[in-house]
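Student: What follows is each chain in one-letter form.
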Amino acid sequence: MSITLNVNGQDQTVNADPDTPLLYALRNDLELNGPKFGCGLGQCGACTVIVDGKPIFSCLTPIAVLEGKKIRTVEGLGTVEKPGPMQQAFIEEQAAQCGYCIPGMMMRAQALLEKNPAATETQIRTALEPNLCRCGTHMRILRAVKRAGELMQQAGTGGNA
Amino acid sequence: MDDFKKPGGITRRNLLAGGGALVVSFSLTQAFGQSENPPPPPPPTADKPTLPGALNDDPFLDSWIKIDGKGAITVFTGKAELGQGIKTSIPQCAAEELDVPFDAIKLITADTFVTPNEGFTAGSMSMLNSGTAVRNAAAQIRELLIAQAAVKLGVDPATLHAEDGHIVGAKGEKLAYADVVGNIQLHVNAQPVSKLKATKDFKVMGKAQPRVDIPGKVTGGQAFVQDMRPEGMLHGRVVRPPSYHATLIDADIATVEKMPGVVKVVRDGSYLGIIAEQEWQAVKAMRALARSAKWNEKATLPDINHLPETLKSLAVQDGVVADNKTPAVGVVKTVDATFTRPYQMHGSIGPSCAVGHLVDGVTTVWTHTQGVYPDRDAIAQLLGVDKPKVRCIHTEGSGCYGHNGADDAAGDAALLAQQVPGKPVRVQFMREQEHAWDPFGPGMVTHIKIGLNAENKMAAWDYELWSNSHGSRPGSAGALVSSRYLSKPFPEDPQKLVITPLGSGDRNADPLGYDLPHKHVIWHFIKDQPVRQSSMRALGAYCNVFSMESAVGEAAILAGADQVEFRLSHVKDPRGIDVINAAAKNFGWTDWKPAEGRGRGFAYARYKNHACYLAIAVEIEVDKNTGKVRLVRANVGIDSGEIVNPDGIKNQTEGGIIQSMSWTLFEAVQFDRTRITSVDWQTYPIARFGSIPDSIDIEIVPRPGQGFLGTGEGAQGPTAAAIGNAIRDAIGKRLYDLPLTPDKVLAAMAAPAAA
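Sequence order for the protein chains is A and B.
Using the working numbering, you'd call the opening residue of the first sequence number 1 and step up by one each time.
Using the working numbering, you'd call the opening residue of the second sequence number 1001 and step up by one each time.
These are computed hints drawn from the structure, not numbers from a lab.
Check before you lean on any hint, since a few could be wrong.
[Stated by the list, open to error] Restricting the straight-line Cα-Cα distance to at most 30 Å, the calculated cross-link-like pairs of lysine-lysine (DSSO-like) are:
1. B:1496 x B:1457
2. B:1744 x A:146
3. B:1585 x A:146
4. B:1200 x B:1572
5. B:1423 x A:82
6. B:1294 x B:1264
7. B:1264 x B:1488
8. B:1488 x B:1423
9. A:82 x B:1207
10. B:1106 x A:82
11. B:1174 x B:1197
12. B:1087 x B:1197
13. B:1628 x A:146
14. B:1070 x B:1207
15. B:1457 x B:1733
16. B:1572 x A:146
17. B:1333 x A:82
[Said to hold, decoys possible] Incomplete in silico selection of chain A near chain B, CB under 10 Å:
18. 33
19. 96
20. 120
[What the hints assert, rightly or not] Computed spacing ranges between beta-carbons, pair by pair:
21. A:2 x B:1164: 53 to 61 Å
22. B:1207 x A:69: 54 to 62 Å
23. A:129 x B:1421: 45 to 53 Å
24. B:1260 x A:80: 36 to 44 Å
Every residue gets a Cβ at the ideal spot worked out from N, C-alpha and C, and that includes glycine.
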């Protein structure tokens, strides 16, 4: 069947079974690399994207329930040439080792900071609890999210480039 | 994918054939006076000089660096980017010695058709082996460029130097590398000694160089093998048996073949695979096939409730790791302790993945293996073809921390690609497959006795360990898990006891860091592998250093000495003393005040006894109601030799501390007598943000002019021991059985005090 998904501000048509998890539609049909397959169980957060302002596990969310909703991935935050504040902060803080978990971390942090760019360290830690990192990059991720909040406050934006 | 990564693109052979230039007669040995001071080299062979780093294995300069007619520089490494940052640090070495900007270097990593064979990217040896080779090759090529420019300009080479991609003379002469490189034959043997730049003259090395891969990874760039989508790609999945020794009775292949999008269902013996057009179709077909499959299973796993006893009861072969043949004298007090470590898993966040493609009889596999050449050999044997008929190209995956499922996925991609010639097949493991079929870091038991003399110094050290090999990597087909379930299965490689300075299960078991009148170390090598096991970050050093440094902590208490002072009084190596002092000073060791529910711990080790020096001081908090332990802060002193990318050293070390903290406080693979039952992140929990420390501080002790020592695994053992020592400090009881979980903390607190 054919479903229209609004991804990073653009309507896109996907031909796939309605039970297809959003993750597979984003990665395969729309060829986006940001959302990652980690567990397919909602336990690791590598697949995290933002839907209508809230972070969700795209591996557990079938596309059938997403028509008309605004879906955002790390690709929607900016580009290599013009990175958004969250991306800029992760680059500045060199907040990656292998980098596989990082886009999911960034999207969950983005959802938090769009509501509260002045989030405290405790709030950031609590918000990121669903997301796993195995390289142990946590200290840098925390610094990067704090830095992203500062950049957003300086720019007075919700965080898109 | 760039040209180098397309089958039929640039290969090593046609790169090498591209030379044909004038051979410059030039003795590098005569010209160079300065040498670096490398760590212990491998034993020299009779007819071959010892060359720096991996030049020893592949001595041709153009195996490592090629400069084309336009002056474009390409560096080749047989090592792979694993998240440790070599795509940044290896070009730093080349840029420095060739005196070009960092951005001028193009790097090609492990590819069996293009790059040198550097075995496995493991053991914290990327910089020691490959970094050293590239740096020396670059320095030697720079001198060849200078020599050729001198001929062209008719001047004394001593009046010339390299500067920003040019050879520059004292009188203002200036030639671009492009102007001279055409006349230089780089297909020449490297010389044993290079004219390396002095640290004070560094422009690129020693500086915090931003990682080249991070901008792409944070903006949705194609970065991982999981992100590959070659034209016409199909999606593969495997159905693994439910347990190691299961055999397939039956599966409903006919029904699954009719499911939407299914291209092929493969059965070979007990091996089951699916190929489908869409990924979600492949997942659904895989699940249907798995549901339909009937298996015969065997209960072959050890009793997890008596793991230490079981490990000690298995057949062993004893090997002497260290024996200074001096009897223990004057011992008046003894620490006697037994430590245990469960099976623990690599736990990559992205399950393993590979893309296989059979074209004109050549199977290309894009894989995140740590060893493209050994994996190539295993896959060739698995497919029954000659080695040149398989090409393995390293393509990044999620961090692996050792031998995880990467090679198995490569094997499956190769197998399934044979079913659909001309079509690329992407095989992606599911989470439960990555978990249950991981070649785990093996369970271990250690027993240590430290004798103190009347002066409260360590006079005697007796240590024994029970462990598997920590190594079942490819090289032969039997190392690939699927090979064991084919109708003509391949046998696993027999496990052998091997004792070398590098160490494996016995890594770091020789207490070389301490000055000891008597030492005796035995490895009770376990041959049987009831649970699949292989190499996980630091191998045996994790449990050995945990055991040894815990016992040293106990010895200091028995001696009534300060933990730092006690260690310093037994360490002779000034580089060890420096990292101990750095960690203690930055922690504020001498000013630290005890507080309720808090403890401090210290540990020190030189990784592998010949790699980086690392000392760590930690503070922990213990919730005495729940038994929960949290690492609050850590201060590290590390000496990795000459610094290439200081931020890379910090990033790796921070990561090592957090990962080791997770192993130490949370992790143990679960199984019943038949099946592995740790199949997801609920049945194998790891650290989440709630358990992350407040701060980690790393001081790098600079060692200008010294060789590279490597970094990646140095923190694993010391972190575990420092946490154990801090728990001892906080609750007055020691925990011996990893992981140090709340139930064990509570049990220890409830136990009567030691006499």
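Student: If a hint holds in the structure, say so; if it doesn't, say that too.
Tutor: For each hint, the structure was consulted:
no.	hint	verdict
1	B:1496 x B:1457	violated (37 Å)
2	B:1744 x A:146	violated (36 Å)
3	B:1585 x A:146	holds (28 Å)
4	B:1200 x B:1572	holds (28 Å)
5	B:1423 x A:82	violated (36 Å)
6	B:1294 x B:1264	holds (20 Å)
7	B:1264 x B:1488	holds (21 Å)
8	B:1488 x B:1423	holds (25 Å)
9	A:82 x B:1207	holds (25 Å)
10	B:1106 x A:82	holds (24 Å)
11	B:1174 x B:1197	holds (20 Å)
12	B:1087 x B:1197	holds (21 Å)
13	B:1628 x A:146	holds (27 Å)
14	B:1070 x B:1207	holds (28 Å)
15	B:1457 x B:1733	holds (22 Å)
16	B:1572 x A:146	violated (43 Å)
17	B:1333 x A:82	violated (66 Å)
18	33	holds (4 Å)
19	96	holds (5 Å)
20	120	violated (13 Å)
21	A:2 x B:1164: 53 to 61 Å	holds (57 Å)
22	B:1207 x A:69: 54 to 62 Å	violated (46 Å)
23	A:129 x B:1421: 45 to 53 Å	holds (47 Å)
24	B:1260 x A:80: 36 to 44 Å	holds (38 Å)
In summary, the numbered hints that this structure violates are 1, 2, 5, 16, 17, 20 and 22.
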